[in-house]
Every structure is written in C-alpha cells, then in structure tokens.
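J.: Dock chain B against chain C, hints included.
If you want the building blocks of each chain, they are given just below.
Number of protein chains: 2
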Amino acid sequence: MKFIEGGVCAAKGYKASGVHCGIRKNKTKKDLALIVSDVPASAAGVYTLNLVKGAPILVTKKNIENGIAQAVICNSGNANTCNADGIEIAEGMCALVEKHTGIKANDVIVASTGVIGQPLSLEPIAGGMEELVSSLNYNGSDDAAQGIMTTDTTKKEIAVEFELSGKTCRIGGIAKGSGMIHPNMATMLVFVTTDAAISPEMLNKALQADVQTSFNMISVDGDTSTNDTLTVMANGLAGNDEITEANADYEIFTQALAMVTRTLCRAIAKDGEGATKLLECRVNGAKNWETARTVAKSVICSSLFKAAMFGADANWGRVLCAIGYSGADVDVTKIDVTFESKAGSITVCVDGAGVPFSEEEAKKILTEDEIIIAIELKSGEVSATAWGCDLTYDYVKINGDYRT
Amino acid sequence: MKFIEGGVCAAKGYKASGVHCGIRKNKTKKDLALIVSDVPASAAGVYTLNLVKGAPILVTKKNIENGIAQAVICNSGNANTCNADGIEIAEGMCALVEKHTGIKANDVIVASTGVIGQPLSLEPIAGGMEELVSSLNYNGSDDAAQGIMTTDTTKKEIAVEFELSGKTCRIGGIAKGSGMIHPNMATMLVFVTTDAAISPEMLNKALQADVQTSFNMISVDGDTSTNDTLTVMANGLAGNDEITEANADYEIFTQALAMVTRTLCRAIAKDGEGATKLLECRVNGAKNWETARTVAKSVICSSLFKAAMFGADANWGRVLCAIGYSGADVDVTKIDVTFESKAGSITVCVDGAGVPFSEEEAKKILTEDEIIIAIELKSGEVSATAWGCDLTYDYVKINGDYRT
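So the protein lines, in turn, are chains C and B.
All residue numbers for the first sequence refer to the numbering used here, where the first residue is 842 and numbers rise by one.
All residue numbers for the second sequence refer to the numbering used here, where the first residue is 842 and numbers rise by one.
Just chain C, same shape as in the assembly (with noise of 0.2 Å):
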C-alpha cells in the first residue's frame, strides 16, 4: 500500500474539473467543483448530526438512498443553508449536470460551502457548467480541490494504490476544511473515489467505521457545520472481486481507506482557520474506547490550551483541566503527560502530578508546527488520536468580519 499522485482522478475512470462562475466575489477562486465517474458508482456518504442541515445534505440523501452514484457538484462561497427555496437550488444545480452530462440528476451527489443564511442563485452555476463541464479531465483533482476551498490556505487532495484480487486498486479524495470544524458521526466536505469493485452495503459499512476514528476525531473550533458532507463512490474499474462482504480484501480496503482519511484529517486540522500548528493528542492506557476518544477530544478542543500551544507554552496544567472536565471517567492521580514534536520529546506530569523540565527544552520542541500531545492513562490497552490545531490572532481576525 503507498501514496500516490492524482488526488480525487486517482482511481480509474474519474474526471474533475474546477471553475470560477462567480458565486465568489474573488475572481481568481474557484467556486465550483465536479466531479464524474465514467459509469454509475457504488456511493455512501455520512453528513452533519446539526438539527440545522445544509438544503444539499436533504438533497445528496435522496439521490444515493439507492446506493449509485455518478457524480459530484459542489459549489463554494455560499452553503445554501437556512434558504426558504435550499431544496429547489440544490435540485436544479443536479438537474444542470444532468443537462450537460448526461448523468441523471439523481444519480448526482450535491454540496454547498459557504456562508448560511444567504440566498443562492442558480444563474452563475448555470453560466459556468459549459466551462466546467469542457475542462473536465482525468487530472483535474486540482481543479476540484480548489473549487470546493473557503478560507482554506492549502488545496487538500491524497491517493494510495493497493492490491484486490491480484488487481491495482487505487482510493483518492479530495476535503475542505478550515472553519466550523467539529464533525460529529460526519465530516465537513471530504469527496472519495476508488475503482475497487465493493458493493453499496460493504462501501458504507466501512465509511461509517472509518469515520469514528478519522474526522470525528478532528476539531478545528468546536463548531460542528451544517453543511459536513462526506461522500464515496466506487466504480469497480479496477476489476478486482467484488467486495460483499467482510473478508481479507474487506481489510485490505479499509486500511487503504483509512490511510486517506487520516491523511485529510490532519491536513484540515493543520490547515484549521489561523492556525500555525497541528496538535496530535494521543492517548494510551485508557479502559475503553469512550474514554480514549473523549479524553484526545476534550484535550484538542480547548481554547486555552489550544492558545498555550500557540504561544508555545508547556502549560500542562490545562491538559489535566481538560481531561478532567471531559466527562470521562479517568483516575487523575494515574495521568502522564509528554509533549513530543521533530525538536524532541519531554515529560512534564508523571501521576497528575508536575515533573521538573526544562522550559528552555520544551520551548524548543513547542516551536515546531507539529505537535504531539501523548497521554498515558494506565489504566487499560485501548488508545484513541485526535487531531486539532492552535488557536491564533488569525482565527479571531478570520471569524470577525467572515461575511464582508
């Protein structure tokens, strides 16, 4: 199993393409995105648990109830979330693909990003699909991933290549993260593709496991979107078996689907609005799975940790805080703590208790842009990661004037 070029085009038999039609006022951002497999997809998707649901989110269910998908149009700029005609919008941007494609509108998986609360036209999505439908191509990942980005600073695409059945499988995927991220059973936006042959039942069975210890394991700020959408479509092209059921080749994709999802995981978390660092909370020794995540999540989503770090401040004290306030049920009095990074690795609580280290050292290995922050519970096997990053003058500056 390795990395490999080609993003969301990896796998055989997928086109994308990205387009500035002019939801957004920049000109030089892309705000449209498609993506479209060269025959119908086994597709499954996991979306927000927020009671506020993006109007495409209704839409996207609908068309992939029957487990076939063959294509993905997602627009930035605007979320078409909180709009009386959401539902409309969001149909007519899938019967636009269906006019230019071909592909049947409900067969056609629909997104929005963007701010909520703002009326979407369809007139520049319309304006644009000739440009964007032309320009698709079997290297147009790029393209794609720079459709779909908000106030992201840096495009977001992974592949990896395995073997099924004797056959060169590939899985690739494209994400949007930035702002708004605190996922829960869903994602923000994360677009995946393979040519493994695996069956609708076995693609979701898989995508609802994988998500459990990928992005509900991020938090950017706490804020859990209206509009998180995460979407899968397998083609079958590589010919290998089909998947339809639980065996090796089972095993085999979701580690390769895992290895794409962690890796998008922890480039939204590290592309988190303002953000300077990644901060990788791992936590050992817990007792069970509940307390593992619950602890690496307390810990990643605390503001004031979260600025200790931005300052580079060895202030553990806030981590037992965090862990203690998590709801978890932990013995305190059992609790280590390490903070690791390229600079190095340093003990400062040993039995939820301080240590004496060297401000100097820990400085050094706080200054680096990724940090790891390992918790040894002693209490039991199960480990869980989380992934999150600082917080910064920049994601105050970023949120306080989003919308002008």
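Simulated from the structure, these hints should not be mistaken for laboratory data.
Check the hints yourself; a few may be wrong.
One copy or any two copies: either way a pair holds, since identical chains are not told apart in the list.
DSBU-like, lysine-lysine: derived pairs with alpha carbons at most 30 Å apart [what the hints assert, rightly or not]:
hint: 1; residue 1: Lys-1238; residue 2: Lys-1204
hint: 2; residue 1: Lys-903; residue 2: Lys-1175
hint: 3; residue 1: Lys-1046; residue 2: Lys-1238
hint: 4; residue 1: Lys-1238; residue 2: Lys-1205
hint: 5; residue 1: Lys-843; residue 2: Lys-1219
T.: Relative to the frame of chain C, chain B by itself:
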C-alpha cells in the same frame, strides 16, 4: 430590595482585607485575601465538577461539611492544583488563619486561583498574615476583591439590602473570573456573605437552586476550571427570624441572592479574558428548561459566533448553526433571531430562514458593548438566559503566554 455599596462587607459583622504577600511577582497586585465573620456563620458551597480538583476544594468541603464557617482565605497567582503536597498546603493556610485570628482552622474556607501544577509555598503566605489580619476592616471588600483577581481587569463586588421579618438584611459578594470559565454545577471563585439568619440546610438549598440559572449559565471559553468555588456565609447578625423552611422569607432571600449572583455573572462574563463585549443570550418559547438552557449556552459558547460579535458582524447563520448542534430537540423551522443593544433592535431570521435587514443598522447595534441575542423557539413557555463574551485577539494573547 435595592443595590448598596460594601460588597462582601455590606452585611453586618464581616471584615475583609487583601495584601501582596509575594506569590505574584508583580508587587502592585494583591495576591492574598481574608474575609472573617465576627461570629460563626451558616455556610454552604458549590464546587467544580472537574475530576481534577484543586486541593483547597477538598479541604473546604471537609471544613464546611457541618454547615458552619467563619472565615475565607484565598490566594491568587497559584491554583495549588496537581501538586503532591496540595492538601498539606491548603490545610496550612487554614492553620495560619487560626494562629493569627483564633478562628478554628476547620471553620475556614480556603481557595486558590492561578497557574495549575506549580508548587505553592506557605512561606509568602505566612509572611503576609500579620499585615493581612491587622488590616482587616468593615470596609475591606475592595481589598479582598483585588486579592483574588488573576487576569481580571475589573474587581467584581456587589451587595443588596432587603427586609426579613421586619429586620434589614444584607447580602453581598466578591468574585473573580476571566478565563477557564465554563462552570458546571459550580463556578469560579465567588464569596458571598449575608447577615440574614438562615439554617445551613436552607442556605444550601438556596445556593444549589441559584447556580443553575446564574453561574452555570456563563461561559468565557468553554473550559471548566479545576478550582471553581462559590461559598455563602450567613452569620444571622441582622436579627431576622431564622429561615428554616421554604416560607415567604426564604423566597425573599433567594431573590436577594439572585440579584447578587446575576450581577456577578454579568460582571464575570463582561470581563472574560480579552473580551470587549458582554453577550446575553435570551431564549424564549422553549418547551422545557433543558431545551432553553442548552440552546442559550450553545450560542454563548460558539467560538465562531463569539468572533463574529467581536467583529460586529450580524452573522446569524452561526446562531442557527450553534442551536442545531447543541443537542437540544428544537424545530429549526420555527426559530426567530433578533439582535438588540442600546442602539436598537433588529430581527435577522424568522422561522429558521433569513429576512432582509439593513447591514448598516445591524453594525450599529452590534458595535455596542452589551449585546442581547434574543431567540424565540415558539414551542412552549420556558425561558433561559446565558451570558458570555466575544472572542478577541487579546484572549489569544493572554493565553498564549499566561505562565511567563
């Protein structure tokens, strides 16, 4: 019932003082406070639910288990939490009060606030006791209020006067807040005194009920402190008939208590670390209290919404988003949202969808320093109010380098 001067010394028979003893490096900042009652008083307390608890909390709980206390000693600059010798130090502080005042060590409420996980030495406290005790006086509330401040920019004190069984009674308090403010069943440091006669049982009952709608409804940063403590002492010197049951006097007492606690809540929220604005979220029309409080707190806690308020940006989509992920069971298609301040009032969302409004007018309203977010759920008769503050550059600045 009216507001009066005097803070924690407004009620009869309470002296207070505050000095700089050397725990904090800055000599202009007081770091040790003492409050004493002339006679033993009924006492009740509520404390953090964080599993990591400051050592002083454990000692205070033990000391007022019998419902009696006569003094409060509190230091700032060090939380005496996650220290191996924490209990010993907290008990040492009580012993110092006994040594210098004659009040029994086990009638002392002890509290600490500041950095977690740094050993606290008794030395500076012992050295400061003589000055602390000799400066005790019936107008000492100011000094004590200063002695418990950390990153607070304003001291917080309040008192009210009311009548019980023909006798004038008073109740007053001081508080410290600022960061790590997200109380759960308890609060930051708040010390309340009254000269009303009330049994320990009824005092405890009044306090437990009060915090549900006062301190448990504020949040600065979502971080529940390890040291949250709220205590009330009632020394009975007003001479009213002792309250021993839930009668009319008890109702008056709880109203007076609420006037004190709500004022301190607003003061703590408004002086949240880095805050420029007080946010008050009023939820009406909920089907039950749990729904009302969950919605109000979710809005107040949203980093995205808090940042929007800093920027005076009427980004109401973030209000809907925060309601949607709150976990409260609400009908999102019925929600109205109105922003209010001294400068006016503007409705931005009706029945869960945006309505046209003047951005200019909204900006004017949101530029004020006290903002009300009025949410109408149209599903019942229950209301709740929560208090918070905006998220600013200064919050990041203060917490990026708190320890140095």
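J.: Are there hints from earlier that the structure breaks, and if so, what are their numbers?
T.: 3 and 5
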